[in-house]
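Next come the chains, spelled out residue by residue.
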Amino acid sequence: MEFIKNGKRIDKRLPNELRPIKFEVGALERADGSCYVEHGGNKVMAAVYGPRAVHPRHMQEANRAIIRYRYNMASFSVEERRRPGPDRRSIEISKVSREAIDPVIIKEFYPRSTIDVFVEILQADAGTRSAGINAASVALADAGVPMRGLIASCAVGKVDDTVVLDLVKEEDNFGQADMPVAMDVRTGEISLLQMDGHFTLEEFEEALQLGKEGCTTIAEMQREALVQKYQGEGHE
Amino acid sequence: MKKQEMMDKTIVVPGDLLSNEAARAAEGTYVEDEKVYALIYGLLDSRDRIRVIPLSGKYLPVVGDIVIGLVTDISFSNWKIDISSPYEALMHISEYPRRIDSSEMSKIMGVGDLAIFKVIDVDKSMKVELAPKEGQLRVLRSGRIIEVSYTKVPRVIGRAGSMISLLKSKLDVNIFVGKNGRIWINGKAEDEELAIKVIKRIEREAHTSGLTDRITTFLEEEKHGVY
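Heads up: the protein sequence lines correspond to chains H and U, in order. Mapping the first sequence onto our numbering, position 191 (from 1) lands on 191, and the numbers just tick up by one. Mapping the second sequence onto our numbering, position 33 (from 1) lands on 33, and the numbers just tick up by one.
Bear in mind the hints are in silico, worked out from the structure with no lab data behind them. Glycine residues also receive a C-beta, built at the ideal position from the N, C-alpha and C atoms. Any given hint could be a false lead.
Covered stretches of chain H (in silico footprint by chain U; criterion: 3 or more residues with CB under 8 angstroms from a CB of chain U, positions within the stretch not fixed) [unchecked claim]: (1) 50-63; (2) 109-123; (3) 142-150.
If we strip away everything but chain H, and leave its shape as in the complex, we get:
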């Protein structure tokens, strides 16, 4: 399969170009905070509840809030029907995504409580964990959760021996490498870094740099979406 023709990728993007991304803050009425994200072909809804009382009680911590994160793919989110419910993959993604957003949250303000994050993948097209983290981060801010900064995430990879940003499904499935990155953009600290496939050391460094730039761009979109929620509302 040929991925790059005349410097353009299969969806006409440049190697360092993100897919179109749209954030909608406060998409759900019932949740304390929510965010709907369209990232290329991905459609993701994140809902945040809490801080609230912990059930079951034995999970609670005496001096801080706990964070629970559930990543879930809808059965209709992929081409072939996916069996509903958690599987090995989504349990792992839930864990790493929780750890990706955890470092910025000030948990000490809410002892004995939980902050629950639900991420539902409605339509998948590679990079769902990143889209989920981006949505979750905005939903947390929308819920009024105290945080040191916003977490942004995107994937980088390798196709036709070229390092590319933000893979689409074909590039992810048949490419040479896929590496999701999540970062606290304020400090540049990386909170998620996984890799599937092979990079040379030079490629890895190039990819990481590209991933960081992608996160910075996404963080600006997250910020803009949050600001627009209150400035865009026309009442009169």
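Once you have looked at the hints, place chain U on chain H.
For chain U alone, kept in the frame of chain H given last:
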């Protein structure tokens, strides 16, 4: 909403750099390397000290707050009270103005009753203790209760109580606003209805300026529409 109305209110998100003057940092901010950053998503107020006014979030009880609580359970010597917070509150039997027996508790205040309380203690693990407001237990037996986000309470009350005074002067209702965002409205049915409509609008537009004027006009229009 017109653009200039928003000019004095800047919306900030967590991690935004607000200032280099660490000494001016107040609520909703944090300091790192002598720089002040936003801790929460909200409105920036940097007139005096630098603080971020929340637009959402959960109510955390503070000693001295007056709240409207809902009795959820009665144990041997405590009423368990929901104060629309992540934390449940307790009122001990001994806080009741006169000495009563455990068996009388549900007669005084039963499950499902609402009353006005004062927060008298909050410990490190967020164990919350309540007492009746001003030593006299006021169980709310008539009127209606609505809930708004606790972050909107200052706007519902208005500067020096102006918004509440406005509502009380135009409508035949009694209003009490708890710090936790529960609001008790008691009066004529149509006036209660209108008061709720107005408060819901204040909640929706809490982040805009020129709100009192708009609400005054709205109230006039609605009143003439009703009668």
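Quiz item: For this structure, which hints from the list above don't hold up?
Solution: The structure breaks none of the hints.
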